[in-house]
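Taken in sequence, the protein lines are chains S and V.
Going by our numbering, the first sequence wraps up at 130, each residue one higher than the last.
Going by our numbering, the second sequence wraps up at 612, each residue one higher than the last.
By construction, these hints were calculated from the structure, which means they are not laboratory data.
You may find that some hints are simply not true.
List of simulated lysine-lysine pairs, BS3-like, C-alpha gap at most 25 Å [said to hold, decoys possible]:
{"id": "1", "chain 1": "V", "residue 1": "593", "chain 2": "V", "residue 2": "495"}
{"id": "2", "chain 1": "V", "residue 1": "593", "chain 2": "S", "residue 2": "57"}
{"id": "3", "chain 1": "S", "residue 1": "57", "chain 2": "V", "residue 2": "100"}
{"id": "4", "chain 1": "V", "residue 1": "472", "chain 2": "V", "residue 2": "450"}
{"id": "5", "chain 1": "V", "residue 1": "593", "chain 2": "V", "residue 2": "472"}
What you are looking at is a predicted structure, and each value in this text was computed from that prediction instead of being measured.
The lines below spell out each chain.
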Amino acid sequence: MKSVMIVDDEPHVIRVLRLTLERQGIRVITAANGSDALEKLRAGLPDAMITDLQMPKTDGRVLCESVRALYPDQPFLVIVMTSMTALEEREWITRLQNVEFCEKPLSPRRLAERVSQYFESMGTPEVLHA
Amino acid sequence: MNVNMKHSRLGLSLIIAAIAAIVVLIAISSIKKHESMVQQVREQGMGVVRSLSALPLDVLVTRGAEIGVLHSLFTFYKPEHFAYAAITSLDGRTIAEVVKPGMLTPSLTYVPDQAQPFREHLFEAGLDTKKIREFSGPLATPDGEQMLIRVGYHEPGIAFGGEDLSFFGMLALPTFLIVPLFYFLLARELKPLRSAYQKLSTVFEEKRSTAIPLSQEVDLQNFTQRVISYIQDSNSEMKVLEREKLDLLTRNRLLEYGNNKLNFVLQSLPEGLLVLDPAGHITFASNKVEAMLGVDLPTVMSGRVEDWCENDAFRGLLLRFQTGGIHGMRAETLEFHPRPQQDKRIRTIVKPLIAANEGPAFGSLVVLQDMTREHLGQCASQSFVAHVSHELKSPLNVIAMYCEMLRDGGAGNEAMRIEATNVIHDEVERMNGLVNNLLNISKIEVGGFKPQTTRVKVDDFLQDIFNHALPKAELNQVRMQLTVAREIASISADKDMLRIAINNIVSNAIKYSQEGGQVTLGAREDNGNLVIEVQDNGIGIPVDEQAGVFQKFVRAKGANTHTRNGHGLGLYLANEIVQLHHGKITLESAPDKGSRFSIHLKAATSNELNLV
Numbered sequence: 001m002k003s004v005m006i007v008d009d010e011p012h013v014i015r016v017l018r019l020t021l022e023r024q025g026i027r028v029i030t031a032a033n034g035s036d037a038l039e040k041l042r043a044g045l046p047d048a049m050i051t052d053l054q055m056p057k058t059d060g061r062v063l064c065e066s067v068r069a070l071y072p073d074q075p076f077l078v079i080v081m082t083s084m085t086a087l088e089e090r091e092w093i094t095r096l097q098n099v100e101f102c103e104k105p106l107s108p109r110r111l112a113e114r115v116s117q118y119f120e121s122m123g124t125p126e127v128l129h130a
Numbered sequence: 001m002n003v004n005m006k007h008s009r010l011g012l013s014l015i016i017a018a019i020a021a022i023v024v025l026i027a028i029s030s031i032k033k034h035e036s037m038v039q040q041v042r043e044q045g046m047g048v049v050r051s052l053s054a055l056p057l058d059v060l061v062t063r064g065a066e067i068g069v070l071h072s073l074f075t076f077y078k079p080e081h082f083a084y085a086a087i088t089s090l091d092g093r094t095i096a097e098v099v100k101p102g103m104l105t106p107s108l109t110y111v112p113d114q115a116q117p118f119r120e121h122l123f124e125a126g127l128d129t130k131k132i133r134e135f136s137g138p139l140a141t142p143d144g145e146q147m148l149i150r151v152g153y154h155e156p157g158i159a160f161g162g163e164d165l166s167f168f169g170m171l172a173l174p175t176f177l178i179v180p181l182f183y184f185l186l187a188r189e190l191k192p193l194r195s196a197y198q199k200l201s202t203v204f205e206e207k208r209s210t211a212i213p214l215s216q217e218v219d220l221q222n223f224t225q226r227v228i229s230y231i232q233d234s235n236s237e238m239k240v241l242e243r244e245k246l247d248l249l250t251r252n253r254l255l256e257y258g259n260n261k262l263n264f265v266l267q268s269l270p271e272g273l274l275v276l277d278p279a280g281h282i283t284f285a286s287n288k289v290e291a292m293l294g295v296d297l298p299t300v301m302s303g304r305v306e307d308w309c310e311n312d313a314f315r316g317l318l319l320r321f322q323t324g325g326i327h328g329m330r331a332e333t334l335e336f337h338p339r340p341q342q343d344k345r346i347r348t349i350v351k352p353l354i355a356a357n358e359g360p361a362f363g364s365l366v367v368l369q370d371m372t373r374e375h376l377g378q379c380a381s382q383s384f385v386a387h388v389s390h391e392l393k394s395p396l397n398v399i400a401m402y403c404e405m406l407r408d409g410g411a412g413n414e415a416m417r418i419e420a421t422n423v424i425h426d427e428v429e430r431m432n433g434l435v436n437n438l439l440n441i442s443k444i445e446v447g448g449f450k451p452q453t454t455r456v457k458v459d460d461f462l463q464d465i466f467n468h469a470l471p472k473a474e475l476n477q478v479r480m481q482l483t484v485a486r487e488i489a490s491i492s493a494d495k496d497m498l499r500i501a502i503n504n505i506v507s508n509a510i511k512y513s514q515e516g517g518q519v520t521l522g523a524r525e526d527n528g529n530l531v532i533e534v535q536d537n538g539i540g541i542p543v544d545e546q547a548g549v550f551q552k553f554v555r556a557k558g559a560n561t562h563t564r565n566g567h568g569l570g571l572y573l574a575n576e577i578v579q580l581h582h583g584k585i586t587l588e589s590a591p592d593k594g595s596r597f598s599i600h601l602k603a604a605t606s607n608e609l610n611l612v
């Protein structure tokens, strides 16, 4: 069973995404912020991650950079949910492998479709960028 | 007149000098003559004595009718200056003598010297007579008795005899004549010069500008004319120069005044100014530059740009004007931070000052504007917009997600429908609260929010707030308590605004309380002030975060999930409202020990209560 970690300080967001992904047979691991997520990653890496950007303690950007630095050989898909539209807020993502943005307000259905699409293509060497 | 006096003095001086010269000549001549006479007497005297000393006594002395040589020699010979001739024994007896009338042979006062038989003596003969120079020599007698032949002469004096008069006259006359001749010749030669001098003096004293007639001496006349002409020209030139000097002085003062005024104007400008010469070197820097760039003016003026300029872009800009010159350069604009990691932001406009069509280049002008306030305002505004955008998008995101769930079949699920409805409702309320807070903040910040003060009975007011907050507290399983005395003082306040402020604080207290916690709303009087307190026993706020809780979009970093509903504007708005009421909010808090927010307001006076 594929697993996805959802990182967001909004419990409602986690709830809806959990329901949507679990309906597709995906196991969901949740964390309330970046620090919590990094802690849980030690126990095992997911197949994909969906994370908010603005969170208390450790935000989404630091989480993504830390994940790539800590686990460079396992660049699983990371989808960053953001409402920041400024270009300079997006430039950092191009330096990271397999990390893409998803604009808020987001559609749980489309998010789930993107994750499924990624899982189907997991065997190919190409990686996807936003 | 002065010239004539000088002329007379010169003549007199020459006469006196001539007389003096004559006197000197006469004196010298007299002295020479006297010396000659003395020498003559000495030679004569000694010669006579030697001659007579060689004769026997009986030849010398007169015996009876035979006149002795001594008598005949001096009686008939009568040498000049002769005083006496005598034959004297060694014991002083005069044997024979011949004396000049009126003269007596002096006594022998000395002892003859065998070693020097012929001698001469000079002695005073008496008070009224001249000195006597006596010549003596031995005289042998037939019987062997030694005797002395003595011949005395009057010592010649410096006499001015009649025979000398013609000589001196001949000496004085030419000398005396030379002087007038010399004077005449000199006067004749100096006459043109004297005339020129008089005329020049007239030019200086009377300042004539017409031609002055001169004497007929051609060379001197030409010279004098040239000198006079030169002096007149110089005089005119000096007048012109004096006028020009005065003009220059006046213009210089005006220029200095203008320069000072311009300098004052430049220094008064709010912008900083740098002026570069055509070679790109800094020749002027106004005082504002020092504060803007953080570099003292002497360093800016004399130091190398590479040494004092810490910003790469600005340094590069200045160096381009140095290395490339100003021709071909265009106006450039740049915004930069003078020092790294500093909020100060400077905008600079550099413009080369070249006249049209490649005319004269005056250098370049660098204008520095302090854009820090605008920059920070822009940053704050951008940050504010970003925060508001995020705060609005977050609930919208939740609403959109639940709507999609309902649309995708969730509506058929009763539990899901109820959950979605409640969540959407909460998020709409959250957005509504945010919008209201933003609107209130906006009104306060633009100064359009004026408190409409009325008399507020604090006990009823707080009861109202308590009742409003109670449902939310119960939902979060937090106990609420109200402690306010019925007779507590009233206040003069805008009830609606103050309600917003206290509601925000109470909401925070409930939000940051654990389940089973307690929030107490109360009021007390304190030395004429009224203190409204909201106390909770929730998670508390660390000391290093307490100052920031009253700023926009700052939320305490509590781990409690209830904090997700905060926008970070409630306390900021509450603080603004209390300040509009001339009050203040104080905070006491410690982690895990809860917090106490105290609103200090002035209790209303009886006058204020009568007015409202």
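- Which of the listed hints are not met by the structure? Of the numbered hints given earlier, those the structure breaks are 1, 3, 4, listed in rising order.
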